[in-house]
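Asks: Residues per chain, in single letters:
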Amino acid sequence: MSSPLLSIEYLNVTFKTSKGPLKANEGISLEIREGETLGLIGETGCGKTTLGKAILRLLSGNAKIEGKIVYRDTDLLSLPEKKMRLFRGKEIGIMFQNPSACLNPVLSTGRQIAEIYRYHEGVGKKEAEEKAGEMLELVGINSLRGHDYPHQFSGGMLQRVMVAIGLALRPGLLIADEPTKGLDTDTKVQIAELIDGLIRRENASMLLITHDLELAGSFVDRIAVMYAGEIVEVGKAAEVISNPKHPYTLDLLHSLPGKGFRTVSGQAPGLLSLPQGCRYHPRCSFRLEVCSQVHPALRGFCDEHLTRCFLSEMGRRKETAPRSSLTEQSAPSYVEEEA
Amino acid sequence: TDKETEGTAEGAESGEGSQDLVVGVGTDVNSWYLDMFASGDARFVWAQVYETLVRLDSDLNVIPGLAESWESSDDGKTWIFHLRENVTFHDGTPFNADSVVFSYSNQSYVRQAVLRPVQSVEALDDHTVQFVLAKPMPLPFYLTHVAWPVMGPSCLDAEGNFVKPVGTGPFEFESQAKDQEIVLTKNEAYWGEKPLLDKVTFKVIPEAATRVIALETGEVDMIIKVPEYDVARLEAEEGIRIHRKLTTFTDFLQFNCEKSPFDDTRVRQSVAYTIDTETLVNEVLEGIGEPAGGRAYSPVMMYSDPDLETYTPDLDKAKALLEEAGWKDADGDGIAEKDGEPLHVTLVVSKGVWAARHNPMAQVVQGALKEIGMDVEIQVLDDGAISKLESAGDFDMILRSGYFVWGPYPRHFFVHHSGNPYSHYNNETYDQLVDEADMTLDSQEQEELYHSLQVFVIDEVPAFYLVHEEKIVATGPAVNGYVISSEDPWLNLSGVYLERT
Amino acid sequence: MTDLIERTVRTEKAYLAEKRLSFGEFRKNRLAVSGILLITVLCVLALFAPNLAPHDPLAQRLDSRLLSPSLEYPFGTDELGRCIFSRVIYGTRISLGIGLLVVAVTSIAGTSLGLLSGYRGGMLDEAIMRGVDIVMAFPNIILALVIAGLMGPGFSSVVLALVFTQWPAYARLVRGQVLSLRKRAFVEAARALRPSSFYIMRKHILPNCMDPVIVLGTLEIAHVIIFASALSFLGLGIQPPVPEWGSMLKAGIPYLFTAPHLTFFPGLMIIFTVFAFNFAGDGLRERLGQPADQEVLAR
Amino acid sequence: MKLLKVEDLKKYYYSGLFKKEVHKAVDGVSFELERGETLGLVGKSGCGKSTLGRTVLRLLEPTSGRVLFEGQDISGFKGSALKNLGIRMQIIFQNSESCLNPRMKVYEAIAEPLRLHRLCERDEEKGRVQELIEAVSLSEELLFRYPRELSGGQLQRIAIARVLGMKPEFIVADEPTSMLDPLVQAQILSLLKSLQENYGISFLFISHDMEVVKWMSDEIAVMEEGKIIDFR
Amino acid sequence: MWKYIAKRLAMVSVVIAGVTLVAFSAMYLAPGDPAEVIALARYGDDLSASQIETLSDAEGLDAPVHMQYLIWMGHLLRLDFGKSLVTSEDVLTEILQKLPATAELAIVSLLVSLLIALPTGVLGALRKNTLLDSGCMFVSLVGVSVPNFWLGLLLIWLFALTLHLFPSFGYGGLEHFVLPALTLGSSMAAVTARLTRASLLEVLGQDYILAARARGFDERTVLFRHALKNALLPVITFAGMQFGYLLGGAVIVESIFSWPGIGKLLVDSIFARDFSMVQGCVLFIAVLFSLSSLVVDILYAVLDPRIRYDRSD
Ligand SMILES: Nc1ncnc2c1ncn2[C@@H]1O[C@H](COP(=O)(O)OP(=O)(O)OP(=O)(O)O)[C@@H](O)[C@H]1O
Ligand SMILES: Nc1ncnc2c1ncn2[C@@H]1O[C@H](COP(=O)(O)OP(=O)(O)OP(=O)(O)O)[C@@H](O)[C@H]1O
Ligand SMILES: [Mg+2]
Ligand SMILES: [Mg+2]
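Residue numbers (this note's numbering), protein chains in the order written: chain A, 1 to 339; chain B, 1 to 501; chain C, 1 to 299; chain D, 1 to 232; chain E, 1 to 313.
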């Protein structure tokens with residue numbers, strides 16, 4: 001495949017919190033190649049959004065970023081803020097996860113899109129508004145509603161406005177943070193195809209953060225799986241989906257609604273109190289002795305497919321394993337005691 | 001001196017500089033008509049436009065004005081004024097007896113207030129007017145007051161509404177912009193010594209500090225009512241001249257003699273012995289003014305007793321007097337008591353135009369009286385509040401200035417006359433003396449009476465007189481020929497001319 | 001890619017970012033701390049004025065008027081020869097007292113009314129806001145005159161007059177904030193819990209609209225102190241010769257150019273007070289439950 | 001008696017500063033809900049689902065129509081009756097990311113309804129909050145953070161925990177799991193379901209994921225342009 | 001909105017009635033017999049009791065207060081503002097003469113204040129916790145602590161006397177506006193600047209600003225197109241109130257700079273118990289004030305579309 005458009009090396013993101021430093025990303029190394037779509041999946045709160053924001057250096061003030069993020073030969077982390085700006089929007093676009101907070105409540109949605117054209121393409125007000133209207137139509141919103149303000153939009157519509165904004169400039173790299181959440185199936189497919197189509201046409205790349213594994217399966221070239229701040233598995237999409245190497249990925253795939261909502265007991269560790277050894281080991285049904293002591297490294301399994309698991313390293317992997325299913329799971333403890 | 005003025009006047013005329021004088025005053029003219037008092041600095045403007053029958057020279061000598069001469073009947077109840085001829089008002093109408101009758105008709109507020117004894121004003125012929133009074137009264141002195149001048153009847157329209165000021169003065173009214181400026185122009189037909197100025201503009205600048213700066217920047221040529229504390233600074237400035245003159249105004253501390261503690265003469269005397277009026281002048285008023293030491297009459301006034309024995313501070317005597325009156329500091333807290341009541345008095349000061357002078361003066365008085373164990377509480381109030389306190393008798397002392405002082409005539413003694421609702425002093429002897437003095441025609445007798453009145457005030461202290469005020473005018477480099485006079489209006493512009501460089 | 005050692009590469013930039021952050025943090029705390037320190041100093045001045053003042057603040061020495069600062073009179077003497085230093089110290093009691101009391105009462109009252117008005121809306125809003133209009137259009141001086149007439153001069157009448165005239169500013173300011181806050185999603189979410197509207201105002205709206213109130217309050221202190229002295233000329237305020245910064249300033253105006261220390265030191269005290277309360281106010285604002293990362297970006 | 005009965009409910013939005021524009025977001029919706037039942041609500045984005053949910057709870061004043069809760073028209077409720085209604089009917093908002101007071105820590109956000117309705121003793125509060133946050137599979141360490149220090153999914157679960165703490169009888173769940181990964185989603189959904197089984201909670205369950213809706217619901221209503229066009 | 005505006009305009013009369021009523025009764029409550037105080041202002045110190053009585057009769061001052069107020073109101077309804085009790089001048093003429101000077105100064109001062117405050121506040125927020133921010137804060141805090149009378153004289157001294165740049169007093173051309181407007185503007189600017197800063201900081205911390213940055217906008221665009229509008233609410237509120245204050249309360253500055261404005265007229269009239277003049281001034285101030293607060297309220301809705309006044313939800 002082609003050369004890397006973006007390469008992330010040993011990225012660490014630490015948030016300063018009142019209870020100590022919180023490593024939301026730890027030792028992340030990833031590549032996104034030209035024309036490639038990389039899917040990023042993982043447990044909520046594992047640091048996906050943080051990674052996406054870190055690329056554009058949009059993290060809040062209590063974050064400390066270490067490592068290297070190179071975009072087309074430029075180390076983004078060592079750029080002065082002024083230069084960094086040149087990469088945002090035009091080169092690297094981002095669609096945020098929380099549309100209701102990311103749209104300015106006092107500006108009409110149309111204007112918020114038009115603004116982008118006016119600023120970046122220097123077009124006149126009229127033309128910018130037209131283009132904004134087109135963009136809205138593209139995501140399935142009547143262009144007349146461009147006059148409306150965000151609070152007059154439904155959740156899904158806001159989500160689509162975010163998509164329109166992210167696509168407005170046809171960036172070389174798009175970071176899409178759950179772009180299709182909250183959309184009905186038809187719209188979702190339509191939006192996904194729209195994004196995918198644009199990306200492919202422009203030979204752009206995309207980092208697609210999503211919880212929708214089906215979507216990931218059908219639109220993504222490679223998949224990275226995150227757990228508790230680190231990458232636990234990377235590989236070709238088809239490979240990862242059909243042949244997951246990390247127990248977490250496996251559990252994730254098994255929990256899909258179509259497969260009957262099977263869950264894993266336990267919960268992701270708080271990032272302030274990570275378990276020793278492998279971060280997934282308390283929940284892992286393939287747990288080995290070593291897992292609770294040594295932190296596994298991300299290793300090549302076969303070419304292009306890396307995983308952070310001793311099991312795969314040793315090549316000892318059981319095909320199926322007993323898994324707690326819904327019926328087995330007990331109701332949460334508090335339910336038992338009557339108020 | 002005549003020659004001198006002529007010489008300089010010629011010089012002024014030949015100079016190319018304009019003769020437009022700009023004067024900074026504190027308040028605007030709110031009224032041009034005689035149904036109201038020309039309050040504030042309006043009198044300075046009136047004095048240029050209007051004239052009185054009788055005038056004062058700069059040393060307060062009575063001289064003819066629009067009346068060339070006057071005489072009274074023996075009983076002093078009838079006064080006949082012979083008017084100047086060939087005088088015209090600014091609008092060309094002739095000045096005659098009718099205009100005098102018009103000006104002192106019942107309509108004029110002065111007839112209702114001060115000239116209440118006047119029963120009728122009649123024109124005997126075109127240039128003779130007769131005033132008939134209910135009781136003898138030295139009318140010419142009263143008629144020197146600039147706020148009660150002669151106006152032309154043509155200042156009213158047919159319906160009796162006031163249209164515009166019509167006077168006989170050296171300048172005529174041209175225009176007025178409310179609270180900004182008043183413009184007067186030279187009256188070419190003036191009967192007396194023709195003004196050398198072509199135009200006088202009065203700029204209204206309420207704040208004294210701004211007025212001073214305006215003079216310094218040259219935006220105005222002349223300012224009145226210069227604060228005492230600016231005098232030294234201005235004097236040092238090149239080109240600026242300070243004109244000072246002792247006036248009839250006297251600051252005094254009026255007592256409420258109708259209630260304790262000041263119903264006791266000894267307490268009042270004790271105050272008089274405590275306050276050092278010389279310090280007041282030197283330390284509060286920058287040495288400007290003359291310490292009064294209790295003297296009611298400014299030395300510039302008629303019948304002011306030059307040999308009057310005034311108070312000199314004597315703390316021991318003051319304390320002794322207080323003690324005699326029963327006030328003694330028994331508990332050692334610095335405040336005297338009588339029957340367990342501490343000696344606590346209020347001193348009312350008006351927040352009005354005099355505040356800048358009176359506030360520090362009041363504080364010095366307060367500080368001084370503390371020495372003899374009198375605890376003074378100062379109340380700075382607006383006139384409404386003061387009038388309320390006065391009518392309720394709810395005060396102990398009031399600091400006042402130049403109350404009822406017009407002209408050289410010692411009318412001021414009415415202040416303590418029991419007939420005056422504001423006097424708060426009730427003494428038959430005093431009332432008798434005042435009435436007699438006012439009605440006596442014989443000047444010898446008058447002088448004696450007034451002298452004894454002054455002694456009476458020193459002895460009985462219905463009020464303690466503090467400072468005879470000096471008025472201050474400052475002129476810029478261009479102004480020449482200005483002579484300040486002792487009494488309202490001290491802004492005589494005759495002989496003033498400009499020489500701008 | 002065979003051996004990925006978990007090592008961090010610190011870029012220069014990140015290092016800088018860290019440094020900047022800690023500086024900001026330090027500065028923030030330093031401000032709050034110094035604010036509280038300054039306020040303490042003022043309180044000490046007020047409480048221990050008799051012990052701290054070298055002279056009797058009322059004692060006149062007419063032979064030593066308008067002296068420049070010296071060892072004996074650290075701030076010089078005023079137009080009646082009183083020790084300005086002592087007067088300024090004593091003045092703390094009244095000026096600070098009036099300032100604090102008025103600002104406290106008005107900001108609380110104004111804020112409450114503004115909250116009610118903005119949150120409840122409708123007739124109540126209309127009534128309160130028109131009340132605000134009336135009070136603001138109503139000339140303060142008349143009020144001062146009336147209060148002076150009815151209550152006589154003194155501390156409480158000044159406070160009363162100032163409170164009456166100053167509350168509307170807070171009310172209007174808060175109302176504006178509330179109008180837009182009440183439509184925020186989190187307020188709607190809180191409303192879904194069906195608490196009393198008082199609860200929502202207190203818990204959800206108030207903390208989010210305190211910023212302007214704190215700003216206004218901490219700055220108003222200066223206005224209040226100055227305004228209080230303006231009232232003393234109507235027989236309402238503290239009467240001379242009681243030392244009070246505003247009146248001292250005013251009394252010094254005639255000597256603005258010849259003896260500037262008369263106005264300088266009381267003025268300095270007002271500035272000092274404003275600084276003290278502003279620092280503390282800024283600290284309070286940061287404390288008010290604002291997330292730590294108010295900073296915009298990690299640069 | 002039906003727990004909830006909605007009769008011809010309408011909600012029109014009026015907008016525009018100077019000229020009036022009307023938007024008929026909910027336009028005559030009627031449905032009924034039994035205790036312990038779940039009504040799934042699906043429909044294209046923008047068809048009025050959230051509006052319906054909020055109007056049913058009277059968080060938006062309906063333009064017309066009635067909502068009967070246990071046979072009582074809730075539009076007349078005031079004071080303590082309304083307050084009581086708050087414990088019984090609740091909503092999990094769709095935009096959970098902006099539904100928490102930015103100046104309240106997570107702990108307070110979860111404890112708020114408990115305190116407000118005195119659902120537990122003061123000294124039990126801490127324990128309850130911990131249970132709740134664990135019930136939604138979150139770690140305790142989040143309790144002392146501000147909302148903006150959390151991820152989208154975490155916020156959403158806190159919004160859920162907040163509502164569950166009140167044990168309401170009826171919950172409008174507006175896409176409660178849209179930001180959750182499948183694993184956590186499964187955990188949360190099964191939690192909801194088990195609660196329903198234990199306590200007979202009724203849900204109006206809005207979602208786009210047909211699988212999820214089918215799994216959760218007894219009946220599914222399909223909405224289009226403000227109207228329910230089909231019950232399945 | 002039109003309905004709302006109409007309603008508010010109708011409310012103006014309520015405000016007028018309220019303010020004038022309160023002012024009228026307060027004037028009566030103020031110490032001193034009104035007739036006496038008026039007589040003092042009219043005739044000076046030489047007063048006779050009969051004069052006071054005549055005046056009281058002539059002006060109807062002996063009628064009960066509420067009657068007097070009703071009579072005044074009755075005249076007002078016929079648009080008759082009456083004559084000054086002290087100078088007999090027509091109240092309306094006098095006010096209309098003074099109002100322009102006041103309004104002009106108010107507008108210019110407000111502009112000056114905003115011109116100083118907005119950049120200062122914005123800079124302070126953008127460069128938060130830097131030396132520049134501290135500098136802005138220092139200047140603001142000093143600005144707010146300095147009383148108008150002090151600053152006014154200092155400016156006159158500096159610009160009129162020392163530098164000869166501007167006239168020291170008077171009303172007239174643009175040059176006359178500089179010093180008074182600077183005096184008034186700078187003291188108000190301090191609060192506005194701090195408000196702007198605080199409010200902007202709050203906004204800059206919001207996610208939508210982050211999102212705007214993510215679109216690659218430069219600071220200027222982020223600031224002016226995205227943040228400022230949101231942050232302006234308290235600033236507008238405050239500016240509106242200051243405009244009101246300037247209309248009625250700039251007495252000190254008016255008198256320092258000899259500005260023929262309505263503030264001084266009002267205060268002088270109050271001290272002279274010139275009821276009709278006071279009522280006239282108060283009425284005009286109330287109208288202007290109500291209008292300015294209406295404008296502010298409309299601006300709210302324009303700035304923030306979520307704010308609506310005809311609440312149907
Ligand atoms: N500003 C912050 N301060 C402290 N902690 C933070 C901050 N932002 C995020 N976190 C924590 O960092 C972790 C990663 O957050 P992030 O938003 O990247 O998660 P995510 O993978 O996007 O999750 P989701 O799928 O729920 O959106 C979370 O545990 C969150 O609590
Ligand atoms: N406050 C409002 N003012 C005007 N129109 C509004 C308002 N809120 C929502 N709408 C409009 O009402 C319609 C229904 O919105 P609603 O939020 O109920 O949709 P929804 O079915 O929940 O959609 P989604 O699945 O996208 O969340 C939308 O077209 C929306 O634009
Ligand atoms: Mg996320
Ligand atoms: Mg919705």
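Treat the hints as calculated values from the structure; they're not laboratory data. Please note: incorrect hints may appear among the correct ones.
Said to hold, decoys possible - Incomplete in silico selection of chain A near chain C, CB under 10 Å:
id, residue
1, Pro105
2, Val106
3, Ser108
4, His151
5, Gly277
As the list claims (entries may be wrong) - Reference listing, derived: stretches of chain E covered by chain C, where coverage requires no fewer than 3 residues with Cβ under 8 Å from a Cβ of chain C:
id, region
6, 21-30
7, 50-61
For every residue, glycine included, the Cβ atom is placed at its ideal position computed from N, Cα and C.
Asks: For each hint, tell me whether it holds in the structure or not.
Replies: Going through the hints against the structure:
Checking A/Pro105 against chain C: minimum C-beta separation of about 8 Å stays under 10 Å; hint holds. Taking 10 Å as the C-beta contact cut-off toward chain C, the hint placing A/Val106 at the interface holds, the least distance being around 9 Å. At its closest, the beta carbon of A/Ser108 sits 16 Å from a beta carbon of chain C; the interface hint therefore is violated under the 10 Å criterion. Among the interface hints, the one on A/His151 holds; its C-beta lies about 7 Å from the nearest C-beta in chain C, closer than the 10 Å criterion.
A distance limit of 10 Å between C-beta atoms decides the matter here; for A/Gly277 the minimum to chain C is near 13 Å, and the interface restraint is violated. Using a Cβ-Cβ cut-off of 8 Å, 6 residues of the region 21-30 of chain E lie near chain C, which meets the minimum of three, so the contact claim holds. With a threshold of 8 Å between beta carbons, the proposed coverage of the region 50-61 of chain E by chain C is violated, since 0 of its residues qualify and at least three are required.
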